[in-house]
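Chemist: In order, the protein sequence lines correspond to chains A and B. Counting from 1, one number per residue, gives the positions in the first sequence under UniProt numbering. Counting from 1, one number per residue, gives the positions in the second sequence under UniProt numbering.
Wrong hints could be hidden among the right ones.
Stated by the list, open to error - Stretches of chain B that chain A covers, calculated by requiring three or more beta carbons in the stretch to come under 8 Å of a beta carbon on chain A:
1. 110 to 117
2. 195 to 208
3. 313 to 320
4. 401 to 412
Simulated from the structure, these hints should not be mistaken for lab results. Every residue gets a Cβ at the ideal spot worked out from N, C-alpha and C, and that includes glycine.
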Amino acid sequence: MTDTSTRPTLTSSGGAPPAPVARSTSWWARQDITRGFWVKLVLVALVDALGVYGVLAAGAQSQWGIVAFLVVALVAVNVVYFSKRMLPAKYLVPGLLFLLVYQVFVVLYTGYTAFTNYGDGHNSTQADAVEAILVQNETRLPDSPAFPLTVISDGDQLGFAVVDAEGAAQMGTAEEPLHPVEAPIENGHVASVNGWITLSFNDILEQQAEVFALRVPISQDPNDGSLRTPDGSTAYVYGSTMVWDEDTQTITDTARDVVYTADQETGTFTSPIGAQLGTGWKVRVGLDNFTKVFTDSTLRGPFVGVLIWTFAFAILSVATTFGLGLFMAIVLNHPKVRGRKIYRSLLIVPYAFPAFLTALVWQGMLNRDFGFVNQTLLGGAHIPWLTDPWLAKVSVLVVNLWLGFPYMFLICTGALQSIPAELYEAGKIDGAKPWRLFRSLTMPLLLVSTAPLLIASFAFNFNNFNVIYLLTEGGPDDLSAPVDVGATDILITFVYRLAFGGVNRQYGLACAVSILIFAIVASISAITFRKTRALEDLI
Amino acid sequence: MRRSIPVVAATVGLALTLAACAGSNDEPSGDATSAAPASAATLTVWVDDTRSGPVKEVAKVFEKEKGVTVKFVQKDFGDIRDDFISQVPAGQGPDVIVGAHDWLGKLVQNGVVAPIELGDKASDFLPVATQAMSYDGTLYGLPYSVENIALVKNNALVKDATPATFDDLVAQAKAAGTDYSVLIQQDEKTGDPYHMYPLQTSFGSPVFGTDSTGAYDANKLTLDSDQGRAFAAYLAKLGTEGVVNTSISGDVAKEAFLAGKAPYMITGPWNTGDFAKAGLDISIEKVPSAGGQPSQPFVGVQGFFISSKSKNALLANEFVVNYLGTPDVQLALYQAGGRAPALTAALEQISDDPIVAGFAAVGQDGVPMPSIPAMDTVWADWGATEVAIVNQQGDPAALWNQMTASIAGKIAAA
Chain A
1 MTDTSTRPTL TSSGGAPPAP VARSTSWWAR QDITRGFWVK LVLVALVDAL
51 GVYGVLAAGA QSQWGIVAFL VVALVAVNVV YFSKRMLPAK YLVPGLLFLL
101 VYQVFVVLYT GYTAFTNYGD GHNSTQADAV EAILVQNETR LPDSPAFPLT
151 VISDGDQLGF AVVDAEGAAQ MGTAEEPLHP VEAPIENGHV ASVNGWITLS
201 FNDILEQQAE VFALRVPISQ DPNDGSLRTP DGSTAYVYGS TMVWDEDTQT
251 ITDTARDVVY TADQETGTFT SPIGAQLGTG WKVRVGLDNF TKVFTDSTLR
301 GPFVGVLIWT FAFAILSVAT TFGLGLFMAI VLNHPKVRGR KIYRSLLIVP
351 YAFPAFLTAL VWQGMLNRDF GFVNQTLLGG AHIPWLTDPW LAKVSVLVVN
401 LWLGFPYMFL ICTGALQSIP AELYEAGKID GAKPWRLFRS LTMPLLLVST
451 APLLIASFAF NFNNFNVIYL LTEGGPDDLS APVDVGATDI LITFVYRLAF
501 GGVNRQYGLA CAVSILIFAI VASISAITFR KTRALEDLI
Chain B
1 MRRSIPVVAA TVGLALTLAA CAGSNDEPSG DATSAAPASA ATLTVWVDDT
51 RSGPVKEVAK VFEKEKGVTV KFVQKDFGDI RDDFISQVPA GQGPDVIVGA
101 HDWLGKLVQN GVVAPIELGD KASDFLPVAT QAMSYDGTLY GLPYSVENIA
151 LVKNNALVKD ATPATFDDLV AQAKAAGTDY SVLIQQDEKT GDPYHMYPLQ
201 TSFGSPVFGT DSTGAYDANK LTLDSDQGRA FAAYLAKLGT EGVVNTSISG
251 DVAKEAFLAG KAPYMITGPW NTGDFAKAGL DISIEKVPSA GGQPSQPFVG
301 VQGFFISSKS KNALLANEFV VNYLGTPDVQ LALYQAGGRA PALTAALEQI
351 SDDPIVAGFA AVGQDGVPMP SIPAMDTVWA DWGATEVAIV NQQGDPAALW
401 NQMTASIAGK IAAA
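Chain A on its own, in the form it takes in the complex (with noise of 0.2 Å):
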C-alpha cells in the first residue's frame, strides 16, 4: 500500500519543477537508486508514519515533552537513513533511541523522583490537589429536593431552568440566582425558556465540561447552596464546606472554622494546630529520602539487616553457584567420564526453564505439609522451610544454586577447554600433584575469562528480585518490625515493598534507595574490575 502510493507521488513531485530536467536526471544518475533504496524508503516512512501518528497523539493529550522528543528523533532518523555519509550512526541510532528511552529517561526520572515526595497522598500537582479537596467536600445538602433540569443557554452563557417542587418553573445562571421564570412544562422538565435556547443531550455533551461546572445559587445567600447536574437531566442542591483562595493559599472549613495554610515544604494543607488534609501534592524535598534511610530510626534498623543479608545472599550465591558448576565442570571435563554429552546436556536442564516458573515450582515443593521435600524426600516431616527465618534463608540459597550453577557449569566448561593441555604436560613434568595443577594452573587461568562473569553474576544477585519475591516474598516477616520486612528481604525486595506495599506507597523514598543500591553495586563493580585487571597480567 504505502510501496505502490509513494512511487507515483515520489516521481511526480521530482519531476514537477518543469525547468530542471536535466539536472533531475542527473539525481537520479548520481543517487544509484537501487531496490535498497526503495526498501529503505519504505522502512523509514513506516517509522516516520508511526512517529507522526505519535506526535499527534501526544499532542492530543498535550505531552509536550513526547511530542519534542518525538520530532527530534524522526528529524535525525530521516536525516541519518538519507545522507550518504554518517555510517557510524546509520548502525547506532535506533540503539540510541532505545537507550534513550529505555534507560536514560527511566535513570533520570528515578533520580528525579527520588528528590520528591510523590507516593499516596502527594500523587499530583497542587492545583489538582486543591481541586479534588473542593470536590470531595462539596456535597448535596441533606433532605434538599431533586430538579428535573433542562440546561439553556442564550448563546453566551448556560443556564438551568428547573421544575421546583409546587411544578414551577424557574430559572437562573452562574450569575442570576434562581428566580421563577413563566415556561411551558411538558413530561416534568420546563420545555422552553423565552429567549433561551434549550439545549439536548448531544448539545449538552458538546459543551459538557460546562455544563458539569456549572452552579446556580439557589438564593441571594450562598450559604443557601447552588444547583448543579451530574447527568445533564437532574439538578441537586450543593453546599460545599472549603472555600480555596488563591491569593493567601488557603482552604477554610466553613463548617469547623478552621483554615488550612499550603505547606510548600510538605505538599500538605496544614492546620495551626497542625492538622492536615487528606490530599496533599507532590514537591521536591531534596535530600530528604535519602538522610530519612539512614536517620529515622524506623527505617535504619531493618536497612542495615536487609543490607547485610543482601551482601550475603549475593556473596554465597556467586559463591555456591561457581563452587558447583566449577565441580561439575572439572569432573566431566575429564576424558575418563562415560556419557559426558548425557551429563553436561542433563544439567543445562535447570538453566532452560524459565526462572520464576522453577522458583513457584521450588515454592511449592517446599510447602511444609504438602511440599514434596516433606512428604516424600523426608518422609512426612514438617519442616518450616519457607516460613523459619533462618530456614528460609537457606532455602532461598539452595534454589538460587539449582538455578545458577548451570551457567556457571557452562562458562567453567568453555574456559577449562580453552587452557592449553600443553601446560598441564609441562606441570606434570615438573612434579606438579593435582592439587598443584589446580591451584596454580587452572584456577588463575579460569578467573581471567571468569572473573568478569562472576562480578556481574554479584551484581544480578545482589538485585535478584525474582527468586526472592517468587519464593518467600521477602518473608517470613518480622513482626517486630517498625516496617514491613522480612528476613529473606533484599535490598530490591525491600524497595518494592516501600513502593508498592502494603503501607502507605512511597515511591519517593523507594527511588532514593534504588539509587542508593545502585552507588553499592556500582562502586563493588568498579573496584573488583580493576583488581581483576591484574588477573590478565597472568598471560
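Keeping the supplied structure of chain A fixed, place chain B upon it in accordance with the hints.
Modeler: Chain B only, in chain A's frame:
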C-alpha cells in the same frame, strides 16, 4: 544539490503519512455521524475479565441511544486501583472503572475519584452497599454487588443441624470422620484474616471502632483489646488442634471440600458455583460463634467509580447512574460473577435461589470492610501474626500485643 533527494523524499514521506493519519482520524467520526446523532465524545472504561461482558452489552445500548463511543480497556482486577491512582493525575486515566469499595480510602486520599449522586435511586440499593461506597459521608461509587463469606455445609456428610458454637461445630465435623473438619483457607506467609474475621468478631474485637457518624476511625484500633487477645488464644487452640492449618491455601481447601474431605468450609459465593456444578448438596449458614457474640463477616461491595479528572464527567455520570444502575445490568453481572446484586430490585428477582438468599442472610449481620487508608497498614501485620499464632511461634497474647503496637505505630507514622 546532492542533498535534495533525501530532503524531497523526507518531505513527501512526511506529507504522505500526515495525510494518511489525517485520513484515519476522520474515519471514526465519519462512522459516528452515520450511526446516530453526532457527538465526538468517547467514554473510556476499565473493566476486568469477569465484568467486561455485561458492561459491554449495556455500553452498546448506551452508544446507540446517546450517539457516543465507549472504549473498553480490559485489566486485571488487582491492577486497576494502582494504575488508576498513577494515571489519573497524568491525564491518561479512564473515565470510569470497576472496583471494590475498600479501595476508596486510597482513591480519595490521592484525589482521583469523583463523588457520585444517585438522587432518588440511592434508596433502591441495599443500605450496606451505599454505606460501603461512601467515604466521610460522601458517596463515591455506584454499587453493583455485595459479597460476604459464610459457613458452607456439605449436607451429604452431616445430617444433623449446625450447632450454635464453633467448638461444637468442630466436634460435630470431626465426628464425621473426614480428613478435615472446618476448612478455613489460609496462606502460609500472609495468613488470611479475612476468612478468620467471623471468628474474631464473635469475640467482640473488630479492627477499628467507629466515630459518631458510624465511619471507621483509624485512631480507635479496637484490635488492641482483651477481646482481641481472647481471640488470639482461641486461634492458638485451633492451631494446636489442627483445625486451622496455614498450609491449607484457598486451592487446597476448595479441592478438599469438592472431594468431600470436609463437611464444612468458610468461603464465599465465588466458590459455591463450582460446588453446585460438582453436584454437592450444600447449604449456607451463619458461622457459629466462638466467643459468645454474633460472628460478623466482612461485607465487600463492588461497583463503578468515576475519575475526578474525567473530561466526560456528565456522560460518565449518565452511563454509570442511569445505565449500570439498572436491574438488568446488575442481574447480568450477577450471572457473570456469582456476586449478589446491590440493587434491591435485582436481588429480589433471584432471592428464591437458596445460596444467594443464604449468603444475603449472613451478610445482614456483616460489617463493611474498612476502606480507610489505615486499613492497608493493618493487613500485613494482622495476617503474619495470625500465622505465627496458629503455628505456635510464641505466646498468643504477646504476639497479638506486638502486632497492635506495630500497627498503631505505622498508622501514626503514615
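Chemist: All the hints need checking, so say for each whether the structure fits it.
Modeler: Taking the hints in turn, this is what the structure says about them:
Given a C-beta distance limit of less than 8 Å, the hint that chain A covers the region 110 to 117 of chain B holds, as 7 residues qualify and 3 suffice. Given as covered by chain A, the region 195 to 208 of chain B fails the check, having 0 residues with a CB less than 8 Å from a CB of that chain where 3 are the minimum. Counting residues of the region 313 to 320 of chain B whose CB lies closer than 8 Å to any CB of chain A gives 5, which reaches the minimum of 3, so the coverage claim holds. Here's how the region 401 to 412 of chain B fares: 5 of its residues keep a CB closer than 8 Å to some CB of chain A, so the rule of at least three is met and the hint holds.
Consistency with the previously given hints fails for number 2 only.
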